[in-house]
Amino acid sequence: MKHIRIYIVLMITCLLTSGCRFSRNVTVSDELPPIYPDYTNVTIPYNIAPLNFLLRNKPEAVEIRLKGSSKELLIRDSYKVQFAPKTWKSLLEAEKGHTITVGITVKSGKEWIQYAPFEWHVVADKIDPYLSYRLIEPGYEVWNAIQLRERNLENFAETVVADNNLTENACMNCHTYGNQDPALSFFHLRGAKGGTILNRNGQLRKLDTKAGNMTSSVVYGNFHPSGRFGVFSTNNIIPAFHTHRNERLEVYDTESEIVVIDFNENRVIPFPPDTVERKPFRTFPVFSAQGTSVYYCEAPYVPLPDSIHSLMYSLCRIDFDPSACTFGNRVDTLFDAFETGKSVCHLKTSPDGKYIMYTVADYGTFPIWRRETDLEMIDLESGEINHLEAVNAGCSDTYHSWSSGSRWFVFASKRDDGIYGKPYFSYIDSLGVAHKPFVLPQRDPAFYDYTLKSYNIPELSKGKLPFTARDIERIYYGMDAEKLEFAGK
Amino acid sequence: MNKQIQYTGLALNMLFGLCVFLFLGYFYRYHLVYQEQFQMFLFTSDYLAETTHKPGGFADYAGRFFTQFYYIPWLGALFIALLLMLIQRQLLKIADNFGKKPAFMPLTFIPSLFYWILLCEEHYMLAGVISLVMALMAMQVYMQIDSKRLRIVYALLMLPMLYWLAGGTYVVFAILCILLEINAKEITRMDILLYTIGCLVLIIALPLLARGIWGQYPLSKLWSGANYYRYQTIFPSTILLLWGTVILVPVLFRYLPSFTRPGTKWIWTGALIMALGFLTNKGIIRMADWQKEEIMTYDYYIRKQQWDEVIRMANQKTPMSPLSVSFLNLALCKQGLMSDQMFRYFQNGPEGLMPSFVRDFTMPMMAGEVYYHLGFVNTAQRFAFEAMEAIPDFQKSSRAVKRLAETNLVNGEYVVAGKYLRMLQHTLYYRDWANKTWTVLRDEKKIEANPEWSHLRRYRTQTDFLFSEQEKEQMLGVLLQQDFTNRMAYEYLMAYCLLTKDLQHFFSYYPLGKEIAGQQIPLSYQEALIYIWGLSNNDPTTIPYPVSADVKRRVQEYGRVYTNYQNSEPMLKNQFSDTYWYYLHFRK
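Taken in sequence, the protein lines are chains Z and E. The first sequence runs contiguously to residue 489 in this note's numbering. The second sequence runs contiguously to residue 588 in this note's numbering.
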């Protein structure tokens with residue numbers, strides 16, 4: 001009997017000690033832990049989903065100490081660290097406006113290693129809680145499954161808002177909000193029964209946007225703050241393929257122009273006629289935050305594709321009078337491509353009207369495959385250019401969108417591998433300084449390793465979209481596209 | 001007597017399995033290899049969850065699981081044979097429940113034979129077979145339940161489960177259950193009516209309910225569930241017909257006569273075997289596509305870099321399609337024979353040398369090999385990527401992902417190459433390669449030690465230009481200009497000029513390859529040169545190039561016939577169809 005007791009005690013002791021994962025005999029390292037995604041020393045909003053991560057060296061056990069101003073947590077996990085949503089939420093709520101120090105200790109073989117700690121700066125400025133994006137393989141000309149999805153940034157919930165499975169495999173372009181308002185958005189649905197799907201207060205319309213002698217249906221665009229107008233480019237887009245190592249796809253326009261669409265009157269208002277013989281290329285238009293001018297990119301004509309490397313777009317502005325529905329007659333150049341040697345595209349004005357953010361590349365109008373592509377921002381009051389050094393990486397950083405509070409923005413970056421774009425979020429503080437960005441967190445931190453999808457044009461919004469993929473299916477098959485009247489010659 | 005027929009049934013089942021195995025595993029094996037490349041079965045929980053989350057997903061998952069074994073055709077054929085044999089045995093059991101009619105046992109082979117014929121077309125997916133096996137298995141359990149109430153409860157519970165696991169064949173199960181009850185007459189007519197209504201409600205309601213959960217799938221897809229056919233928007237009526245035979249055959253057993261005389265039984269059995277054998281033979285002849293099998297064989301050898309096998313195949317039967325001719329030319333070039341021997345085979349223009357891109361999942365996958373070996377690494381990458389994108393059932397392709405890993409590795413894009421390798425590490429047949437390649441990532445010395453990768457790194461395009469289908473000649477010129485020892489680029493450039501009949505450029509490029517060609521001028525160049533010389537000189541034998549006496553003699557003979565007869569083509573065909581002159585004058 002006595003022996004049995006001893007055995008039981010021994011067995012329990014063995015079981016307890018074998019399961020024990022407390023760090024002991026720790027070796028201190030001055031290196032940061034090899035975590036993926038890189039969430040070291042980032043600024044995060046208090047309403048973001050758990051920043052789950054994994055350790056690339058796959059240790060046997062992991063201890064994480066999260067030390068904030070009022071709370072301290074000790075978490076033990078496998079090499080994949082996944083935080084409990086409730087714990088995470090209460091931690092961030094408690095540490096709003098403070099810094100959390102993250103200490104990671106891992107068990108590798110018989111030894112424990114304590115890595116250098118890093119910080120999470122939790123800011124009280126909320127990020128818009130929804131993000132929409134197009135999921136597509138980063139291909140060339142061929143596509144298969146395309147979905148527009150909406151992700152709740154406060155957790156991991158994701159819904160499909162459009163799926164080409166339901167629309168005869170037609171291509172669909174990315175989704176754009178007006179004022180980051182879920183009740184004001186559009187996207188282009190291609191295919192035989194396609195059109196521009198306009199969502200205004202949850203009411204969906206389908207528009208045939210090719211009117212008069214327009215080059216094409218509308219392509220890149222943005223809403224007027226009133227929601228009545230949209231400014232768009234019409235482009236004759238040609239794809240071409242690079243043959244050299246890191247170069248991939250080139251896309252250029254053989255023609256492009258800007259129009260404004262009046263959604264109330266179903267009318268297309270053309271850009272003022274040109275006085276030069278060779279029409280310049282104009283694209284990527286956006287309204288100013290006040291809606292009284294249009295910013296756009298303009299490049300003088302060059303023969304393409306031969307002179308593709310000389311295709312340089314400048315950032316320009318022209319007045320727009322929403323009451324008279326007319327453009328002004330003076331064009332200002334805010335960023336001269338020929339002076340700076342950089343070509344501009346993808347413009348986005350901040351909702352508070354202070355900044356305009358754009359992408360710069362060496363040339364052309366399709367920088368998503370070019371490694372030198374970076375984000376920049378002009379202070380519209382001072383004209384000062386912010387090169388956003390803390391934000392940009394070695395691969396393409398582009399397709400950005402502001403949060404409604406103008407303190408956060410999201411952009412698509414290929415920094416991980418050069419091919420697959422992912423949404424990164426960056427904070428702009430009150431001094432206009434941008435902070436190190438972090439990637440959209442996923443429930444499974446290995447998610448990005450195995451997905452073959454790229455996140456195209458991520459856009460933030462204040463709320464959930466009022467339509468579903470089935471609504472889009474119904475509109476695709478059951479609604480005729482409204483025709484627009486062309487107000488010009 | 002019945003026992004004898006029963007044993008005959010077993011023997012027949014095995015004979016049938018053997019025939020399927022031999023046909024698919026030996027005679028038609030490259031169809032299996034071809035199919036394997038359009039999926040990437042991953043042993044990961046995410047892949048399992050992603051595949052099985054929708055109706056019919058489990059059948060898809062199991063179908064893909066077995067399809068990965070097509071990589072080794074005899075193994076793939078074995079699994080198909082076993083599954084088809086199983087269907088026959090399952091159906092025999094069900095038919096016996098409707099009435100034991102041993103003489104008509106061969107009829108239970110009909111669905112299996114039908115599926116064998118269908119599987120000759122590469123777009124019929126194994127998920128369909130699995131889906132049917134699952135429905136018949138559910139049916140077998142149904143037949144084992146003695147209590148009629150339990151049976152009905154089982155069927156009504158099994159229907160949603162089967163719908164989720166197997167997809168559309170839940171309808172087959174429901175119909176068989178009802179028919180079996182009608183046949184058994186154990187429950188009242190009213191109960192049968194209520195049972196039928198219950199099943200019908202479930203049959204209709206399940207896809208509609210599924211639509212509420214998986215709103216991103218069209219209703220038609222939710223009705224059929226599993227992927228029976230590679231093209232998502234197509235649900236072949238042949239599948240419905242096949243399901244019809246699965247229902248009809250057991251019911252027939254209820255009405256077919258029972259013979260008492262052994263002789264009559266044997267006559268019926270024998271006659272049915274012969275009739276079914278005859279019809280299957282006809283069906284296979286109609287459905288099997290041997291031209292495709294030939295191209296798939298070429299593709300297999302090219303993929304495995306078995307150049308000798310390609311040439312051996314061409315020697316047995318000259319390839320005719322642009323794709324297979326391009327494979328032959330690649331093999332000839334790899335073996336250093338192209339410039340001498342290419343016109344010994346049928347040539348069909350520049351498309352038979354460097355095929356153009358088409359938006360398809362097959363052609364770019366295959367044609368990409370030519371660009372890869374030439375050093376157009378980015379083009380090979382594009383072809384592989386686009387082929388994978390074009391796969392109609394939206395699956396990924398192990399072959400394409402492997403190629404993408406290779407092209408990125410050659411281009412020094414190690415992070416993205418690593419991403420693809422990480423995926424391949426979860427496959428069965430590409431794992432070893434991926435693990436091995438993983439160890440050389442970022443190790444420039446080891447990469448250089450690999451003859452294929454170092455060759456590609458040396459000869460790939462070093463300057464950037466935009467790929468143009470219309471300017472292949474210029475692109476080959478750029479490759480050659482980068483390195484005048486690039487024999488392949490030179491031979492392709494010369495072959496391109498010969499095939500486009502651009503003798504002016506051929507003549508101007510010819511001196512560029514003196515170092516490569518050496519003293520001996522390749523035969524096709526000799527033929528082209530003597531022809532060019534002959535255009536401005538009456539006596540071709542005075543040509544200042546080392547053209548062989550035989551070529552000089554033959555050109556004179558060819559010229560004599562060509563100039564003296566209006567319709568000289570048939571006369572020249574026998575003797576000169578292996579010359580460039582014949583191609584120049586008579587091939588489009």
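Because the hints were derived from the structure by calculation, they are not lab data. Quick caveat: nothing in here was measured; it's all calculated off a predicted structure. Glycine residues also receive a C-beta, built at the ideal position from the N, C-alpha and C atoms. Please note that the accuracy of each hint is not assured.
Some chain E residues flagged as far from chain Z (calculated, every beta-carbon gap over 12 Å) [to be verified]: (1) Thr188; (2) Met190; (3) Pro218; (4) Trp266; (5) Gln335; (6) Leu337; (7) Arg359; (8) Phe361; (9) Gly375; (10) Ala387; (11) Val401; (12) Trp433; (13) Asn537; (14) Pro544.
Chain E is nowhere near these chain Z residues, computed Cβ spacing over 12 Å in every case [claimed, not checked]: (15) Lys193; (16) Pro272; (17) Lys462.
In silico DSSO-like cross-links for lysine-lysine, where the CA-CA straight-line distance does not exceed 30 Å [to be verified]: (18) Z:Lys464 / Z:Lys483; (19) Z:Lys80 / E:Lys334; (20) E:Lys396 / Z:Lys193; (21) Z:Lys453 / E:Lys282; (22) E:Lys436 / Z:Lys107; (23) Z:Lys80 / E:Lys436; (24) Z:Lys193 / Z:Lys483; (25) E:Lys396 / Z:Lys58; (26) E:Lys93 / E:Lys292; (27) Z:Lys110 / Z:Lys126; (28) E:Lys436 / E:Lys396; (29) E:Lys436 / Z:Lys453; (30) Z:Lys58 / E:Lys445; (31) E:Lys334 / Z:Lys58; (32) Z:Lys126 / Z:Lys436; (33) E:Lys472 / Z:Lys80; (34) E:Lys334 / Z:Lys453; (35) Z:Lys464 / E:Lys445; (36) Z:Lys193 / E:Lys514; (37) E:Lys54 / E:Lys3; (38) Z:Lys110 / E:Lys334; (39) E:Lys445 / E:Lys334; (40) E:Lys472 / E:Lys304.
Quick rundown of the hints versus the structure:
With a cut of 12 Å on Cβ distances, threonine 188 (chain E) stays outside the contact zone with chain Z, its closest approach being about 42 Å. No beta-carbon of chain Z comes within 12 Å of the beta-carbon of methionine 190 (chain E); the shortest separation is about 39 Å. Non-interface status of proline 218 (chain E) relative to chain Z is broken: a Cβ of that chain comes within 12 Å, the nearest being about 6 Å off. Interface exclusion of tryptophan 266 (chain E) from chain Z stands, the closest Cβ pair being 54 Å apart, more than 12 Å.
Every beta carbon of chain Z lies more than 12 Å from that of glutamine 335 (chain E), the smallest distance being close to 26 Å; the non-interface claim holds. Non-interface call for leucine 337 (chain E) relative to chain Z: holds, since the shortest CB-CB distance, roughly 27 Å, exceeds 12 Å. A Cβ of chain Z approaches the Cβ of arginine 359 (chain E) within 12 Å, the least distance being about 5 Å, so the stated non-interface status is violated. Not every Cβ of chain Z is farther than 12 Å from the Cβ of phenylalanine 361 (chain E); the closest lies at roughly 9 Å, contradicting the non-interface assignment.
Listed as a non-interface residue, glycine 375 (chain E) fails to keep its Cβ farther than 12 Å from every Cβ of chain Z; the least gap is roughly 10 Å. The Cβ of alanine 387 (chain E) sits about 8 Å from the closest Cβ of chain Z, inside the 12 Å cut-off, so the non-interface label is violated. The Cβ of valine 401 (chain E) sits about 8 Å from the closest Cβ of chain Z, inside the 12 Å cut-off, so the non-interface label is violated. Distance check for tryptophan 433 (chain E) against chain Z: the nearest CB is about 18 Å away, which clears 12 Å, and the non-interface claim stands.
The Cβ of asparagine 537 (chain E) lies farther than 12 Å from every Cβ of chain Z, with a closest approach of about 40 Å, so its non-interface assignment holds. Distance check on proline 544 (chain E): its Cβ is at least 37 Å (rounded) from any Cβ of chain Z, clearing the 12 Å threshold; non-interface status holds. Listed as a non-interface residue, lysine 193 (chain Z) keeps its Cβ farther than 12 Å from every Cβ of chain E; the least gap is roughly 14 Å. At roughly 34 Å from the closest C-beta of chain E, the C-beta of proline 272 (chain Z) stays outside 12 Å, upholding its exclusion from the interface.
For lysine 462 (chain Z), the non-interface assignment is confirmed: its Cβ lies about 24 Å from the closest Cβ of chain E, beyond the 12 Å cut-off. Pair hint lysine 464 (chain Z) plus lysine 483 (chain Z) holds up; C-alpha atoms about 29 Å apart against a cutoff of 30 Å. Between lysine 80 (chain Z) and lysine 334 (chain E), the direct Cα distance comes to roughly 48 Å. Violation of the 30 Å bound is thereby established for this hinted pair. Restraint check for lysine 396 (chain E) and lysine 193 (chain Z): satisfied, since their Cα atoms lie roughly 28 Å apart, inside the 30 Å limit.
Taking the CA atoms of lysine 453 (chain Z) and lysine 282 (chain E), the gap is near 45 Å; set against the 30 Å cutoff, the hint is violated. Proximity of lysine 436 (chain E) to lysine 107 (chain Z) is assessed by CA-CA distance (about 27 Å); at most 30 Å being required, the pair is judged to hold. Straight-line distance between C-alpha atoms of lysine 80 (chain Z) and lysine 436 (chain E) comes to about 25 Å, which keeps the hinted pair within the 30 Å bound. A hinted pair counts as satisfied when its Cα atoms are at most 30 Å apart, and lysine 193 (chain Z) with lysine 483 (chain Z) qualifies at roughly 13 Å.
With a C-alpha separation of about 27 Å, the suggested pairing of lysine 396 (chain E) with lysine 58 (chain Z) holds against the 30 Å cut-off. Note on lysine 93 (chain E) and lysine 292 (chain E): the hinted pairing is violated, with a Cα-Cα distance of about 38 Å set against a maximum of 30 Å. Proximity of lysine 110 (chain Z) to lysine 126 (chain Z) is assessed by CA-CA distance (about 43 Å); at most 30 Å being required, the pair is judged violated. A C-alpha spacing of about 22 Å is found between lysine 436 (chain E) and lysine 396 (chain E), which places the hinted pair at or below 30 Å, so the restraint holds.
Taking the CA atoms of lysine 436 (chain E) and lysine 453 (chain Z), the gap is about 26 Å. The hint holds against a cut of 30 Å. With a C-alpha separation of about 27 Å, the suggested pair lysine 58 (chain Z) and lysine 445 (chain E) falls inside the 30 Å cut-off, and the hint holds. Annotation: proposed proximity of lysine 334 (chain E) to lysine 58 (chain Z) is violated, straight-line Cα distance about 44 Å (limit 30 Å). For the given pair, lysine 126 (chain Z) sits about 17 Å from lysine 436 (chain Z) by alpha-carbon distance, which is consistent with the 30 Å threshold.
Proposed proximity of lysine 472 (chain E) and lysine 80 (chain Z) is contradicted: the alpha carbons are some 49 Å apart, above 30 Å. The suggested pairing of lysine 334 (chain E) with lysine 453 (chain Z) is violated, with an alpha-carbon distance near 36 Å, which exceeds 30 Å. Of the pairs offered as hints, the one joining lysine 464 (chain Z) and lysine 445 (chain E) is violated, with about 53 Å between alpha carbons and a cut-off of 30 Å exceeded. The straight-line distance between the Cα atoms of lysine 193 (chain Z) and lysine 514 (chain E) is roughly 59 Å, outside the 30 Å bound, and the hint therefore fails.
For the hint pairing lysine 54 (chain E) with lysine 3 (chain E), the CA-to-CA distance comes to about 44 Å; that exceeds 30 Å, so the pair is violated. Distance hint between lysine 110 (chain Z) and lysine 334 (chain E) is unfulfilled; the C-alpha atoms sit about 53 Å from each other, more than 30 Å. Distance check on the hinted pair: lysine 445 (chain E) and lysine 334 (chain E) sit about 25 Å apart at the alpha-carbon level, within 30 Å; holds. Distance restraint check for lysine 472 (chain E) and lysine 304 (chain E): the Cα-Cα separation of roughly 26 Å lies within the 30 Å cut-off, and the hinted pair is therefore satisfied.
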